[in-house]
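S.K.: Could you slot chain X onto chain E? The hints should help.
As you go down the protein sequences, you meet chains E and X in turn.
Reading the first sequence from the start, the letters are residues 1 to 269 in this note's numbering.
Reading the second sequence from the start, the letters are residues 1001 to 1194 in this note's numbering.
Simulated from the structure, these hints should not be mistaken for lab results.
Please read these numbers as outputs of a predicted model, since none were measured by experiment.
Glycine included, every Cβ here is placed at the ideal spot set by N, Cα and C.
Don't take each hint at face value.
Derived coverage of chain X by chain E (criterion: at least 3 residues anywhere in the stretch with Cβ under 8 Å from a Cβ of chain E; other residues may be distant) [stated by the list, open to error]: (1) 1107-1121; (2) 1158-1168.
Taking lysine-lysine pairs in the BS3-like style, the calculated list, with each CA pair at most 30 Å apart, reads [as the list claims (entries may be wrong)]: (3) E:LYS214 - E:LYS185; (4) E:LYS203 - E:LYS256; (5) X:LYS1170 - E:LYS138; (6) X:LYS1170 - E:LYS137.
Residues of chain X placed beyond 12 Å of chain E at every Cβ, according to the derived structure [unchecked claim]: (7) ILE1074; (8) GLU1075; (9) ASN1078; (10) ASP1087; (11) VAL1133; (12) ASP1136; (13) LEU1141; (14) ASP1145.
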Amino acid sequence: MDNAFVDTTILVDAVLKSGAPRSSAVSALGRYRRTDLPMYALKELKIGALSNYVWIHNKFASLRSQAKVTAALQAEARTPRHYKLATALQAMHDAQENLRRMPPEERRRRFGDGNPDAVLADIYRLSIKLAIFKGWKKAYSACSAVVNTVACFDQNGPREENGLVVLDTPVCRPIDECSLAAALKAKPELLRKMRDAIVGSEKREDQRRSKALKTLIKRPRDPLSPTDCRRLGDAIFAFFCPLDAAILTTNVVDHKRLATPLGKTVEAP
Amino acid sequence: MAATIISLDEYRKRPNDTTQVASGSLDPPKPTITTLSPSEANPVSSARTDPRDVYPGGESSRLGDALKGLSSAIELVNEAAAAMEEDEFVQADNFMLRFHAALPTLFTFRDLSDGFGALVNALDWAIRNRDGVSLDREQILAVLDALTNLRARPFMAFQLAADEALRLEKTGLVVDPPDLSAFADLEEDSGPHG
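This is chain E alone, in the form it adopts within the complex (with noise of 0.2 Å):
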């Protein structure tokens, strides 16, 4: 395909991380004669990862320590399905124990007479900042256009507030309804084709994404709540991306099985 729908997976390794994901992200997108970012891949941004890095910002701003941060962190690190943060927790755990092991006249010449625990907090607390609001800056422009407009999502970006970075909420201010809700609601046997794909999963995800299905395929005369709209998530994408688009994602085997049923194709960076 010549021309891809681009996915939240792809936006947010493009924009906010580093490495790896980073360039693959960047080289996959200029792979593209055309890249299409749906407005709905800046609504799942502002809700999830740019949400977390103001969460873990927020944190560093308020405790004005490392090792403050690390415990507190650690403490909802304790189940298994915060796996990931454990992971990042790891490299300011490495950091601690780097400045602990550093002899006396190097702490002092990296970090002055200032407690090196702040020190290290403030150097995390600004490097998140400054990956928010670059981040937000560079959203709008991986892309060739942002398409599909979501008229009741709120275009504003981060901003401070009492030293923290705030998001506003709601994300979405609809008048009656979802905006995208008119467009799905024409189209049932897309959606019927998609909730049958998916029906029958054992992941919480899709279970939540079948009932918001359901739900507009038998009661269409019901609102599309925010909350609906967002479960919906990758089954968004599959619904509007163009039949001469193909849909680049890291996550090929979720969006595939929304994506067949439809005709359309899934692509990897």
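M.R.: Chain X alone, transformed into the frame defined by chain E:
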């Protein structure tokens, strides 16, 4: 003391009225104007654009120290750029190594503004993430630009610092710590929105 009440229309008709009424009198107070000598009014030449002249505190302040640090850093990067022009790569890298070593001291002035701290921190990561590989000419010039802009605006707004960081990234520099990416992948339920 009872206040004298007048209508707004009557008040507007009075030619020399002011908002202040003293002791029941409607006579306006005489304004006093203190005249400053030219040296008091404009202690520095307006032709100079040194930020130390714009912001209060002068040479002895923290700002002054930060600006001195920035000037030294700019000098080192300028030398690196000049060496690069002469294809003296070793010399150029040596100047950049000295510049990198000076960054922790500059970071101690991060209380001037988050923009200041973030940009200095970004420059530090930009060099650290090279893992010892020298910066090329374009990257050195981008660093020089960032420092020059920071020296002109030490209280840099955060959005401007983000723009500067994006300019550094355009040259291939990576200004984020490598381990930050993991935070982007947190499961929904591990954040506050779960």
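S.K.: Determine whether the non-interface label on ASP1087 (chain X) survives the test: each CB of chain E must be over 12 Å from its CB.
M.R.: holds (29 Å)
S.K.: Is it true that the CA of LYS1170 (chain X) sits at most 30 Å from the CA of LYS137 (chain E)?
M.R.: Given that 30 Å is the threshold and the Cα spacing comes to 13 Å, the pair holds.
S.K.: Quick check for students: does the CB of GLU1075 (chain X) sit more than 12 Å from each CB in chain E?
M.R.: holds (20 Å)
S.K.: At 12 Å, judged by beta carbons, does LEU1141 (chain X) keep clear of chain E as stated?
M.R.: holds (20 Å)
S.K.: Using C-beta distances, would you say chain E covers the segment 1158-1168 of chain X, given that this needs three or more residues below 8 Å?
M.R.: holds (count 7)
S.K.: Please verify whether LYS203 (chain E) and LYS256 (chain E) have alpha carbons no more than 30 Å apart.
M.R.: Holds - the C-alpha atoms of LYS256 (chain E) and LYS203 (chain E) are around 15 Å apart, at most 30 Å.
S.K.: Closest CB-CB distance from ILE1074 (chain X) to chain E, is it above 12 Å?
M.R.: holds (21 Å)
S.K.: Taking the shortest Cβ-to-Cβ distance between VAL1133 (chain X) and chain E, state whether it exceeds 12 Å.
M.R.: Per Cβ check, VAL1133 (chain X) is outside 12 Å of chain E; nearest 15 Å; holds.
S.K.: Taking the shortest Cβ-to-Cβ distance between ASP1136 (chain X) and chain E, state whether it exceeds 12 Å.
M.R.: Non-interface label stands for ASP1136 (chain X): nearest chain E Cβ at 17 Å, farther than 12 Å.
S.K.: Hey, does ASN1078 (chain X) actually stay past 12 Å from chain E on C-beta?
M.R.: Correct as stated: the minimum Cβ-Cβ distance to chain E is 23 Å, above 12 Å.
S.K.: Take the C-alpha atoms of LYS214 (chain E) and LYS185 (chain E), compute the straight-line distance between them, and say whether it is at most 30 Å.
M.R.: holds (11 Å)
S.K.: Going straight from one Cα to the other, do LYS1170 (chain X) and LYS138 (chain E) come out at no more than 30 Å?
M.R.: holds (11 Å)
When each numbered hint is compared with the structure, no violation occurs for any of them.
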